[in-house]
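S.K.: For any residue, its number in our numbering is found by taking its place in the sequence shown, counting from 1, and adding 74.
Calculated from the structure, these hints are not laboratory results. The model shown is predicted, which means the values in this text are computed figures rather than measured ones. All C-beta atoms, glycine included, are put in the ideal place defined by N, C-alpha and C. Worth double-checking, as some hints may not be accurate.
[Said to hold, decoys possible] Heads up, simulated EDC-like pairs for lysine to aspartate or glutamate below, C-alpha to C-alpha not over 20 Å straight-line:
| hint | residue 1 | residue 2 |
| --- | --- | --- |
| 1 | Lys149 | Glu133 |
| 2 | Lys359 | Asp408 |
| 3 | Lys419 | Asp408 |
| 4 | Lys209 | Glu221 |
| 5 | Lys110 | Asp144 |
| 6 | Lys508 | Glu421 |
| 7 | Lys419 | Glu432 |
| 8 | Lys419 | Asp439 |
| 9 | Lys149 | Asp356 |
| 10 | Lys115 | Asp89 |
| 11 | Lys267 | Asp236 |
| 12 | Lys359 | Asp348 |
| 13 | Lys164 | Asp195 |
| 14 | Lys508 | Asp439 |
| 15 | Lys164 | Glu221 |
[What the hints assert, rightly or not] Label-pair restraints from in silico Cβ distances:
| hint | residue 1 | residue 2 | range |
| --- | --- | --- | --- |
| 16 | Tyr362 | Glu461 | 53 to 61 Å |
| 17 | Leu428 | Phe371 | 55 to 63 Å |
| 18 | Lys209 | Tyr362 | 38 to 46 Å |
| 19 | Cys379 | Ala424 | 51 to 59 Å |
| 20 | Asn184 | Pro510 | 56 to 64 Å |
| 21 | Ala467 | Gln233 | 34 to 42 Å |
| 22 | Phe371 | His256 | 17 to 25 Å |
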Amino acid sequence: MVEVANRPKNCIICDGPTGSREHVFPSALGGRREDKKIYCKNHNEWMGSHVGVLQRQLEAINAMLEVQPDRGTVKSHIFEAEKGERYAIKGANIAPAPDLDAILDSYTLNEPQQLRIAPSDLPRLKERAKQRGLKLDVLDKATPAVEFRVGPYTIPLMQGGDDAMRAVAYLALTFVAHFWPHVARAPGLAAIKDMLRSGSLYAGADSIGVPLPASEFMAWSPAIDEPPEVIHPTGLGHTIIICVRAGQVLAYLSLLDLQCWMIRLGDAAPDTADRTVVVHVDPLKTRYGDDWTINKFDHALIDGCVDQDYLGKAVLESGQMQQQITAVIGRVIDRRDRLEAESAKHEFDAAHRLLSPEREAAIGDFVALRRQRLVNHISMFAQHGNEATQMGALVRLGAIKATQPDPTSTDGLNDAARRVLNHVAAEITNTLSKVPPGYVLDPEFYQLLFGDMAQALIAGALAEELHR
Numbered sequence: 075m076v077e078v079a080n081r082p083k084n085c086i087i088c089d090g091p092t093g094s095r096e097h098v099f100p101s102a103l104g105g106r107r108e109d110k111k112i113y114c115k116n117h118n119e120w121m122g123s124h125v126g127v128l129q130r131q132l133e134a135i136n137a138m139l140e141v142q143p144d145r146g147t148v149k150s151h152i153f154e155a156e157k158g159e160r161y162a163i164k165g166a167n168i169a170p171a172p173d174l175d176a177i178l179d180s181y182t183l184n185e186p187q188q189l190r191i192a193p194s195d196l197p198r199l200k201e202r203a204k205q206r207g208l209k210l211d212v213l214d215k216a217t218p219a220v221e222f223r224v225g226p227y228t229i230p231l232m233q234g235g236d237d238a239m240r241a242v243a244y245l246a247l248t249f250v251a252h253f254w255p256h257v258a259r260a261p262g263l264a265a266i267k268d269m270l271r272s273g274s275l276y277a278g279a280d281s282i283g284v285p286l287p288a289s290e291f292m293a294w295s296p297a298i299d300e301p302p303e304v305i306h307p308t309g310l311g312h313t314i315i316i317c318v319r320a321g322q323v324l325a326y327l328s329l330l331d332l333q334c335w336m337i338r339l340g341d342a343a344p345d346t347a348d349r350t351v352v353v354h355v356d357p358l359k360t361r362y363g364d365d366w367t368i369n370k371f372d373h374a375l376i377d378g379c380v381d382q383d384y385l386g387k388a389v390l391e392s393g394q395m396q397q398q399i400t401a402v403i404g405r406v407i408d409r410r411d412r413l414e415a416e417s418a419k420h421e422f423d424a425a426h427r428l429l430s431p432e433r434e435a436a437i438g439d440f441v442a443l444r445r446q447r448l449v450n451h452i453s454m455f456a457q458h459g460n461e462a463t464q465m466g467a468l469v470r471l472g473a474i475k476a477t478q479p480d481p482t483s484t485d486g487l488n489d490a491a492r493r494v495l496n497h498v499a500a501e502i503t504n505t506l507s508k509v510p511p512g513y514v515l516d517p518e519f520y521q522l523l524f525g526d527m528a529q530a531l532i533a534g535a536l537a538e539e540l541h542r
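Please build the complete structure, drawing on both the sequences and the hints.
M.R.: What follows is the structure in structure tokens.
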């Protein structure tokens with residue numbers, strides 16, 4: 075798959091000796107494969123500094139997908155809600171994310187104090203205390219209080235910008251060097267290498283003082299969807315296309331289809347034949363060798379051109395970019411929900427195997443753990459309820475009533491929401507308690523039960539709230 079005959083061993087930037095074992099695609103984004111014949115030790119580190127901005131821009135999606143870095147563990151994404159509350163998202167779970175330093179700063183040394191923190195956050199608090207030279211002793215533990223979030227979450231997704239463009243150009247150059255070592259060392263690529271040695275993130279000793287604009291080499295692009303080989307097999311990964319066309323070295327990068335870029339890297343040697351390599355990176359694969367799908371062609375697949383209307387207001391006014399982002403988020407949520415349903419199947423099986431009355435109690439606990447999903451439906455009706463029909467109007471008014479803040483509440487719910495939640499949870503518990511022995515909770519039924527069926531039950535209960 076890679077040119078290996080007489081492969082150069084000099085750095086593509088400075089001509090020094092290689093051997094740094096850099097990741098071809100960033101480890102933090104799920105890259106597994108390494109190549110030790112592209113950069114010297116210094117330029118591997120200095121060029122790699124570009125990648126941090128992409129890691130930050132994709133962090134929320136990677137957290138929802140639970141992408142496992144090649145080095146390290148799956149990371150949560152921390153974000154602030156509208157009123158400044160901090161939340162952490164990982165997989166299907168969204169939970170309050172306490173400010174550990176603020177908690178420690180509020181303590182008085184050597185005095186017992188009450189701490190309100192989730193048990194899952196306690197190890198992180200202890201570790202942070204240790205880093206600050208403190209020792210935290212837990213004298214007693216209470217049953218953690220349940221607190222619901224009423225209202226939508228808004229997770230900002232910032233994409234693009236000059237630093238991100240440099241990072242994408244760095245990835246494109248690295249892939250060219252991995253597959254076509256001699257092309258990457260052609261004199262005609264010197265300009266893009268100079269551009270990569272500029273910018274706010276590049277901290278190399280050979281940094282070019284005045285930043286060279288990345289926009290001279292690349293542009294935001296629509297997602298490429300033909301031929302079929304360029305479409306990512308799962309729709310939840312990254313696609314890199316490198317191409318030589320009439321002596322021009324071109325690349326296209328799609329990062330989860332959230333960012334799509336067309337890059338013009340420069341000129342290859344005059345006698346370089348047209349060719350294309352398409353690489354699909356699957357960040358959800360954790361084994362080296364399973365993470366890439368590679369297609370090679372002896373002709374050029376891309377031309378480096380971008381419709382100028384796509385770069386201006388036309389794409390925003392058409393809604394095309396918003397539709398593209400919505401489709402990506404939809405695929406991410408679908409996968410998250412499938413994984414949750416698979417996990418729930420095993421959890422329910424363990425509860426259903428018990429004898430009465432332990433079985434009914436365990437099924438009740440199974441439903442109770444998913445009450446936030448039911449609260450989310452109440453919030454959805456309040457935000458987006460259908461007022462076109464009389465019933466729809468009643469449901470939305472009931473949802474608005476149920477989402478009014480109650481300053482005396484200890485769980486985030488007012489009395490109306492609590493009544494609706496308890497009623498619907500009891501109905502779902504009753505349904506699950508009646509299934510026959512040996513029943514397997516099908517993931518599709520699980521989604522129906524806590525999705526459409528739960529919404530129907532909630533709608534009826536919300537309409538009744540208006541008569542109280």
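S.K.: A separate judgement is required for each hint: does it hold in the structure or not?
M.R.: Tested hints:
1. Lys149 to Glu133: holds, 8 Å
2. Lys359 to Asp408: holds, 18 Å
3. Lys419 to Asp408: holds, 17 Å
4. Lys209 to Glu221: Between Lys209 and Glu221 the Cα gap is close to 28 Å, so the pair fails against 20 Å, i.e. violated.
5. Lys110 to Asp144: Answer holds: Lys110 to Asp144 is near 16 Å, not above 20 Å.
6. Lys508 to Glu421: holds, 17 Å
7. Lys419 to Glu432: holds, 18 Å
8. Lys419 to Asp439: holds, 14 Å
9. Lys149 to Asp356: Holds. Lys149 to Asp356 sits at ~18 Å (cutoff 20 Å).
10. Lys115 to Asp89: holds, 12 Å
11. Lys267 to Asp236: Within the cut-off at roughly 15 Å; holds.
12. Lys359 to Asp348: violated, 31 Å
13. Lys164 to Asp195: Within the cut-off at roughly 14 Å; holds.
14. Lys508 to Asp439: Roughly 16 Å between the alpha carbons, so the hint for Lys508 and Asp439 holds.
15. Lys164 to Glu221: holds, 18 Å
16. Tyr362 to Glu461: 53 to 61 Å: holds, 54 Å
17. Leu428 to Phe371: 55 to 63 Å: holds, 58 Å
18. Lys209 to Tyr362: 38 to 46 Å: Holds, since Lys209 and Tyr362 (Cβ atoms, about 41 Å apart) stay within the stated range.
19. Cys379 to Ala424: 51 to 59 Å: With a Cβ separation near 57 Å, Cys379 and Ala424 satisfy 51 to 59 Å, so the hint holds.
20. Asn184 to Pro510: 56 to 64 Å: holds, 59 Å
21. Ala467 to Gln233: 34 to 42 Å: holds, 38 Å
22. Phe371 to His256: 17 to 25 Å: holds, 19 Å
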